[in-house]
Amino acid sequence: MAVQLEQIIKRFPELLQLQQGSPATPIERLQAGHLATASEMIFVSDAKHLNDAKRGGSQIWVVQTKLLESMPKPWPEAVVASPNPYLAMAWIGKAFFPSRPGITPVDGIEKHPSAVISSSAKLGKNIKIGPGVVISDGVELADEVIIGANSVIEPFVKIGARTHIHPLVFIGHSCEIGSDCEIKPHSTIGGEGFGFAHDQKGQHHHITHYGRVIIEDRVHIGASVQIDRGTFDDSRIGEGTKLDNHSHFGHNIRIGKNSILVGGQLFAGSVSVGSNCIFGGRISSQGHLSITDNVHLMGLSAISKDIDKPGKYGGLPLQTVMDEQRTRAILPLLPKMKKQLTRILKKLEMDDE
Amino acid sequence: MAVQLEQIIKRFPELLQLQQGSPATPIERLQAGHLATASEMIFVSDAKHLNDAKRGGSQIWVVQTKLLESMPKPWPEAVVASPNPYLAMAWIGKAFFPSRPGITPVDGIEKHPSAVISSSAKLGKNIKIGPGVVISDGVELADEVIIGANSVIEPFVKIGARTHIHPLVFIGHSCEIGSDCEIKPHSTIGGEGFGFAHDQKGQHHHITHYGRVIIEDRVHIGASVQIDRGTFDDSRIGEGTKLDNHSHFGHNIRIGKNSILVGGQLFAGSVSVGSNCIFGGRISSQGHLSITDNVHLMGLSAISKDIDKPGKYGGLPLQTVMDEQRTRAILPLLPKMKKQLTRILKKLEMDDE
Amino acid sequence: MAVQLEQIIKRFPELLQLQQGSPATPIERLQAGHLATASEMIFVSDAKHLNDAKRGGSQIWVVQTKLLESMPKPWPEAVVASPNPYLAMAWIGKAFFPSRPGITPVDGIEKHPSAVISSSAKLGKNIKIGPGVVISDGVELADEVIIGANSVIEPFVKIGARTHIHPLVFIGHSCEIGSDCEIKPHSTIGGEGFGFAHDQKGQHHHITHYGRVIIEDRVHIGASVQIDRGTFDDSRIGEGTKLDNHSHFGHNIRIGKNSILVGGQLFAGSVSVGSNCIFGGRISSQGHLSITDNVHLMGLSAISKDIDKPGKYGGLPLQTVMDEQRTRAILPLLPKMKKQLTRILKKLEMDDE
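Protein chains in written order, with this note's numbering: chain A, 12 to 364; chain B, 12 to 364; chain C, 12 to 364.
Don't read these hints as lab results, they were simulated from the structure.
A hint or two may mislead.
Given that identical chains are not distinguished, each listed pair holds provided it fits within a single copy or across any two copies.
Unchecked claim - Result set (BS3-like, lysine-lysine): computed pairs, CA atoms no more than 30 Å apart in a straight line:
| hint | residue 1 | residue 2 |
| --- | --- | --- |
| 1 | Lys21 | Lys105 |
| 2 | Lys65 | Lys169 |
| 3 | Lys358 | Lys169 |
| 4 | Lys21 | Lys136 |
| 5 | Lys316 | Lys350 |
Computed from a prediction, not measured in an experiment: that's the story for all the values here.
Full structure from sequences and hints, please.
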């Protein structure tokens, strides 16, 4: 099962340059610096990782090129320079040491006979379909798609090549998922939005939602995420965007490309988020707002108006990160400030109104 | 597939009055004003929608009756007056242009043979049961119930007529769901509550929960919602209440009729909410509290004591919406206020305590 | 179905001492004091429960030993003293009046033939496997394990004796679950973490996660909980810890023993929580932080640095509970304080900067 160092370096020549050691060095697996044994490859991006690396026993280090000069001798047996060791770790892991939950092989059967597949579904090549999966009428799966056990794919859904739907996922009718996407368990893609008309008796009547959810290529969707379909327009998640677990995106959500939204987002309907945004955890947004590209938000922020200008913001109401940190620092001082005010008013013989 | 305008108007005579145009006008589908083509029906509730309508190309407008006077000529080919165009959209959509996720037909089979149905279950007429569904012992399904693929219905659950359980839903034993309800994917109705007794060693022992969850008629429950069963009493969601995605309601929750709670609610145990309440997103409540009827809460509010008086509240601690908005507006000013206090104390030669 | 009082007392002699009444008294079920009828057993822990008990009609009371003296005559027919009536309720309920959702029996079949069980899985004795369950290659289930309908257990997962996996749960490959655990519906144990490397084009590349999730004995995990696997190390939930519904724990989470975390937790990656902690609802934590043992946190708190000292904390930033309550009490006063400051500045003829 070990991989020769040479094979790895040849695969990613721009990312890996051998500095020292035998190309034939066998690598058993990737590992964290402080946990590693001799034949496990580790990744050293900065000085902190260098300390971890010394605590462990790895003899195969991938080191940030700029760190090489300051790296004390003796070096480990094999040293590989990289302009981006963390990216090297991602690519080497995926290519040579894969470990993916959500596939659930049972006795080597690729398309499990317990799956229910409509006669009108169109399936590409080398598709894996787990036990209990439901593939409804008119679904189209491109080559090498994986559908995890007990997932439910509704009519006319299209899923692009190599996309991996984990077990126990729901994808509503007519939605489109791009290539090289990943959707983790218990997510609901394309449920109807929460829109109601109200009558004179105070009763609420659900609005039919005709839009779809469109997920572009290379999108990651975490576990227990809900993305509602649009009322008439489509909801859309842009190419390369990554959404973490435990989030809710209301109807007509639009997110641009290569944005990263960590866990716990809660977006009301008709919100638009730009490209290259980075949102911390547990962010909330009111409906019908627009956030431009390149916006970074602190965790726990609440969006209550449009953000037109790229930048780093936080809080409720939103302000710059620096200003929000100043506001937060004052909060524990409020009781003291209140007492000071009372003393001042008294001294000045002013009333307390 | 097109529907004649006349058919629609005849179905809802109190809601729709033809002002202009041929009763035979064919309608292909409903649409948003700005996106519409000639044969798509649109809905104009206010002046803003009028602008959207002009941008699009629809020739079949349902217009709020009061707007007709101010609507500039030339009118589109067909104009229908309505006292409530948004309600008209809800009803027309449901009756004539249905589009529902969560049904998952496979090859036209209504009761899929892969479903596991107990011999002691009682099924009404015209029921649809998706692939992989589990209907346990003693379950009773009324007429026209739909159970989506891979959902699990535990023993002795009763489900009322026309209720639609989406795929991948869990309903715990003995719970009762009313008529005309909807429960979206990945919701857990009737799990046990989070109640523990503690022993002298600091270990926690789970309390058995004997209550049920009772969902009354016309309730909507979003995706990934948890409603725990009561300890001895039942948890209960009142008639016509609508709960959005991504919420947790602890044991012994009680919610009245026709309330609307948008996404991200988190309620500890034994909370009681009244009727006709409207709660914004991401609201939290401590346990054992009671909120009266007709309470509106701003998103992100936290309930830490009973609310006895109808009104609009927000914040933590709760205050009126107007006061809460004033408090929020001050937060960015706190660092400046702190500096002002320091200057004043210095000027008055007072100490900083 | 009724149980004789004597049977119950004999089972838990240290917890129950008969004070009055016939050992042969039949008990139909457990009940809340105010709801009870004559043959239902109730539990009286404090003076408040005594009032509830009087409102109901139970003739079989389990009473906190210290309350006996102050309990007015006439007593109910049977009175049992207990040093911990709430613990007695937990144990008696579990032993004599079980009521567990998540088992879904269908026609008395213990191992349902619709379950898909790998030929390489190892199953202990008296195991219950619901319809539609998937048990993948190399899984090991100890004796008396229950796997609820449509749950998906990935390769090489090990599950300890008497552990109950509810329906519609996902457990990722190689994870280990201890004995006497419970995992409620729609939880995802062992999904990959949300870790990405970034390239020069601003695209994000997923890091493979090699760690497992280890759940020790007697752990409770609520519904719709996500626990991600570690990058290299394992994520770990300690013995006897209880996690409520609707929570997300990022990769490399570590929680100690006998801690209680109520609903709505959101933890970024690499957080460590101690033993005997109690966390209120909707707590958030930044990544790479460490919280020591015996920490109690108020609901809605946000952890932004290590907590080294046991104690009770709350807020953002965290302070002692008492200080946080003082801060919260000031918030509604901020607009008034702002006006006071303005008046003072004016009176002192100071500028407003």
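Here is what the structure says about each hint:
{"no.": "1", "hint": "Lys21 with Lys105", "result": "within (15 Å within a copy, 59 Å between copies)"}
{"no.": "2", "hint": "Lys65 with Lys169", "result": "neither (49 Å within a copy, 34 Å between copies)"}
{"no.": "3", "hint": "Lys358 with Lys169", "result": "neither (74 Å within a copy, 71 Å between copies)"}
{"no.": "4", "hint": "Lys21 with Lys136", "result": "within (28 Å within a copy, 51 Å between copies)"}
{"no.": "5", "hint": "Lys316 with Lys350", "result": "between (34 Å within a copy, 26 Å between copies)"}
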